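> Once you've looked at the hints, dock chain W against the given chain D.
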Amino acid sequence: MIPSLHLVAPVFATDPLYAKGIGWIVLLIVLVKVLVVFGALMVSVMLMIWFERKVISDMQSRIGPNRAGPFGIAQTLADGLKLFFKEDLIPDKADRFVFKLAPYLTVIPAFLAFAIVPIGGEVTLFGHTFELQLADPPMGILFLLAVSAIGVYGIMLAGWASGSKYPLLGSVRASAQMISYEAALGMTVVMVVLVTGSLSTRAIVNAQAAHLWQWNAIRLAVVPFLIFFIAVVAETNRPPFDLVEADQELVGGFHTEYSSIRFALFFLAEFMSTITMSAFTVTLFFGGPDGPVPHIPYIAWIFPILWFLGKTLVFLFVFVWLRAALPRLRYDQLMDLGWKKLIPLSLGWLLIVAGFVINGWWGVAMVASVVVGSVLLTRAFSIGSERESTRAVVPQVGLRLWSRAEQQPPTSPTEGGDR
Amino acid sequence: MLSVVVTAAHPTIPDVGVFAVAAAIILAGAIGVVVARNPVHSALMLVMTLFGVAVMFVLQQASFLAAVQVIVYAGAIVVLFLFVIMFLGVDREEDIAAERLRGQRPLAIALVFLGTTGLLLLGEVSKWTTGQPHVAGIDTGAPNVNLIGKSLYTTYLFPFEATSALLIIAVVGAVVLARRPPVVATTSDDVTSPDLSEDEDAVSDASVADVANVADGTEVDA
Chain D
178 MIPSLHLVAP VFATDPLYAK GIGWIVLLIV LVKVLVVFGA LMVSVMLMIW
228 FERKVISDMQ SRIGPNRAGP FGIAQTLADG LKLFFKEDLI PDKADRFVFK
278 LAPYLTVIPA FLAFAIVPIG GEVTLFGHTF ELQLADPPMG ILFLLAVSAI
328 GVYGIMLAGW ASGSKYPLLG SVRASAQMIS YEAALGMTVV MVVLVTGSLS
378 TRAIVNAQAA HLWQWNAIRL AVVPFLIFFI AVVAETNRPP FDLVEADQEL
428 VGGFHTEYSS IRFALFFLAE FMSTITMSAF TVTLFFGGPD GPVPHIPYIA
478 WIFPILWFLG KTLVFLFVFV WLRAALPRLR YDQLMDLGWK KLIPLSLGWL
528 LIVAGFVING WWGVAMVASV VVGSVLLTRA FSIGSEREST RAVVPQVGLR
578 LWSRAEQQPP TSPTEGGDR
Chain W
52 MLSVVVTAAH PTIPDVGVFA VAAAIILAGA IGVVVARNPV HSALMLVMTL
102 FGVAVMFVLQ QASFLAAVQV IVYAGAIVVL FLFVIMFLGV DREEDIAAER
152 LRGQRPLAIA LVFLGTTGLL LLGEVSKWTT GQPHVAGIDT GAPNVNLIGK
202 SLYTTYLFPF EATSALLIIA VVGAVVLARR PPVVATTSDD VTSPDLSEDE
252 DAVSDASVAD VANVADGTEV DA
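In order, the protein sequence lines correspond to chains D and W.
Position in the first sequence (from 1) plus 177 gives the number in my numbering.
Position in the second sequence (from 1) plus 51 gives the number in my numbering.
Chain D on its own, in the form it takes in the complex (with noise of 0.2 Å):
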């Protein structure tokens, strides 16, 4: 009766490795992959560090840094080490337990998101076929979800427990941000997962190898991709959307009472999932390690990694240049474009996606729905802002808390409430 059912044939992409079952070997290979994978990410994320800073002071004519090591690329690692041995303070008011913890909440997560990510194709060692990727997990991407569902605890409890008002303040904007734009975030992931029919990232990046337009940003319309990446950003907390940390309002935000290696863990998850969010962005769009791979015998697999590396790499420069290029929103807008602009506009292209996955004949139909609908909501709109100026509307809101705490009935601009 639904024609989509069967379109959405189960892609099988379970790691071949453990399909003779698990042996030593087996087990010594993940523990290995582990291991590269928590190195390459603490390398990367000293690099990335490096590379920013490099990259913002080029863009404002300055050098950057350039004492320790090479072009100062060994400068993180001494800011590292100089936090290691700073004063490590809590605060009088904080609450110890949940101080402590909530670096590490953020951290974890930040490192867990890696995980799924497909580096490189397949590679046979030992008699053992595997997956270049730490685990290809029947739920797939929304393991990316979770997690970084899980990521906003630490921020979020990070001002909490600091006892201090700056903090507090910083940590409910970053959480009513991170969850705005999750939604936008989500919708996009749906329309990947919806053209691919599967959840797990290894079948997302082999449904788009092979050809340049089967990448989801060219198959999608570019406008999911676009969602996406502005979503991820807001989810980073980084420019232009790093309100979380807005130097002049709020100190330093959520971490303003963390010294030491403590801070130096917010550092940490931040650009590390600035790194994850790009891996992810390539996964999702642009087909991860997909490329042209010569056939050359023995080296021929790590062809497939330096395109990832390398496509990732252009995101990280994006994330950078954004940083330098653009001033940042202000709160306002920053809910205005999440909620009144991308949810709606991601909501009407997954009807538009979800109507061609069927067939051309929906697709157009969703087209015209989603036209004539927005069509309608915007004159909805218009008419209902010309009617009640919003001064007058949301103070009603309000109206019914606030009496009860005031215990008394205000006198304040109550007109125009015709329902």
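These are calculated hints, taken from the structure and not from any lab test.
Note that the structure is predicted; figures quoted are calculated from it, not measured.
We put the CB at the ideal spot given by N, CA and C, even for glycine.
Check the hints yourself; a few may be wrong.
[As the list claims (entries may be wrong)] Here are a few chain D residues that sit away from chain W, every Cβ distance over 10 Å (derived from the structure):
#: 1; residue: W201
#: 2; residue: P315
#: 3; residue: A326
#: 4; residue: S341
#: 5; residue: Y343
#: 6; residue: L376
#: 7; residue: Q425
#: 8; residue: R505
#: 9; residue: A545
#: 10; residue: V547
#: 11; residue: L554
[As the list claims (entries may be wrong)] Using C-beta positions, here's what the derived DEER-type ranges look like:
#: 12; chain 1: D; residue 1: I240; chain 2: W; residue 2: L218; range: 55 to 61 Å
#: 13; chain 1: W; residue 1: S215; chain 2: D; residue 2: F303; range: 47 to 53 Å
#: 14; chain 1: W; residue 1: S215; chain 2: D; residue 2: V213; range: 42 to 48 Å
#: 15; chain 1: W; residue 1: V86; chain 2: D; residue 2: L389; range: 57 to 63 Å
#: 16; chain 1: W; residue 1: V227; chain 2: D; residue 2: V548; range: 29 to 35 Å
#: 17; chain 1: W; residue 1: A87; chain 2: D; residue 2: L389; range: 51 to 57 Å
#: 18; chain 1: W; residue 1: L218; chain 2: D; residue 2: V213; range: 41 to 47 Å
Chain W in isolation, oriented as in the chain D frame:
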């Protein structure tokens, strides 16, 4: 799912180990929610419990449910709880150690004891716990999502749609409850020249009310 039945019949050592750890996490979290003095700590303990349940889902090979459990419950609902707690300052102002209801602790212990005994007895005497192990169809090796999606949009379409209608009703209800019945209009001058400080108060209250609404709405979902 068929494989669940198989593993339930012959649990391997890793299975038992994972179950034991997850059960310990769930129980510790659940007890923590009740025992913790600070509402924020309670909320964190709740997250721990939900996480343990997600692990249990993975153990049952329901990986989709596990992911959704973390995304929806830990990622959205408890975050909103925390949001409200932080915003309203419940943790600083209200002394939750003070008991409003006398004798609730012994009563709670007695009820838990009775309930557990009853469950154990029922499980021993009758076969009521061994129902159908699956509602989404026999596990054919197809991914979770396909099975769940298929049964949600075919067999269980009506309950599914009814649930979404219920959620909408809950949201609308929350908005209506938070909204004061319109005061009889005075003059339109009041709107154009409101007192600035008063206006600001009202706006901040409005945002608090919004947060409370969202929390109400999701509570129904939970």
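> Each hint needs a verdict: does it hold in this structure or not?
Hints, verified against the model:
Distance to chain W confirms W201(D) as a non-interface residue, since its nearest Cβ pair spans about 15 Å, more than 10 Å. Distance check for P315(D) against chain W: the nearest CB is about 5 Å away, which does not clear 10 Å, and the non-interface claim fails. Not every C-beta of chain W lies more than 10 Å from that of A326(D), the closest at about 2 Å, which undercuts listing it as non-interface. Every beta carbon of chain W lies more than 10 Å from that of S341(D), the smallest distance being close to 13 Å; the non-interface claim holds.
For Y343(D), the requirement that its beta carbon stay farther than 10 Å from each beta carbon of chain W is met, with the minimum near 14 Å. Some Cβ of chain W comes within 10 Å of the Cβ of L376(D); the nearest lies about 6 Å off, and the non-interface call is violated. Against chain W, the non-interface label of Q425(D) holds: every CB pair exceeds 10 Å, the least being about 20 Å. With a cut of 10 Å on Cβ distances, R505(D) stays outside the contact zone with chain W, its closest approach being about 21 Å.
Distance check for A545(D) against chain W: the nearest CB is about 23 Å away, which clears 10 Å, and the non-interface claim stands. No Cβ of chain W approaches the Cβ of V547(D) within 10 Å, the least distance being about 20 Å, so the stated non-interface status holds. Its beta-carbon lying about 17 Å from the closest one in chain W, L554(D) satisfies the requirement of being farther than 10 Å from that chain. The hint said 55 to 61 Å for the Cβ distance between I240(D) and L218(W), and at roughly 57 Å that hint holds.
Our hint of 47 to 53 Å for S215(W) and F303(D) holds, since their Cβ atoms are close to 52 Å apart. A C-beta distance of roughly 45 Å is found between S215(W) and V213(D), which places it inside the suggested range of 42 to 48 Å. The supplied range of 57 to 63 Å is met by V86(W) and L389(D), whose beta-carbon atoms lie about 58 Å from each other. For V227(W) and V548(D), the Cβ-Cβ distance of about 32 Å falls inside the hinted range of 29 to 35 Å, so the restraint holds.
Separated by about 55 Å at the C-beta atoms, A87(W) and L389(D) satisfy the suggested range of 51 to 57 Å. Separation of L218(W) from V213(D) is about 45 Å and conforms to the stated range, judged on CB atoms against 41 to 47 Å.
Consistency note: the structure conflicts with the earlier hints numbered 2, 3, 6.
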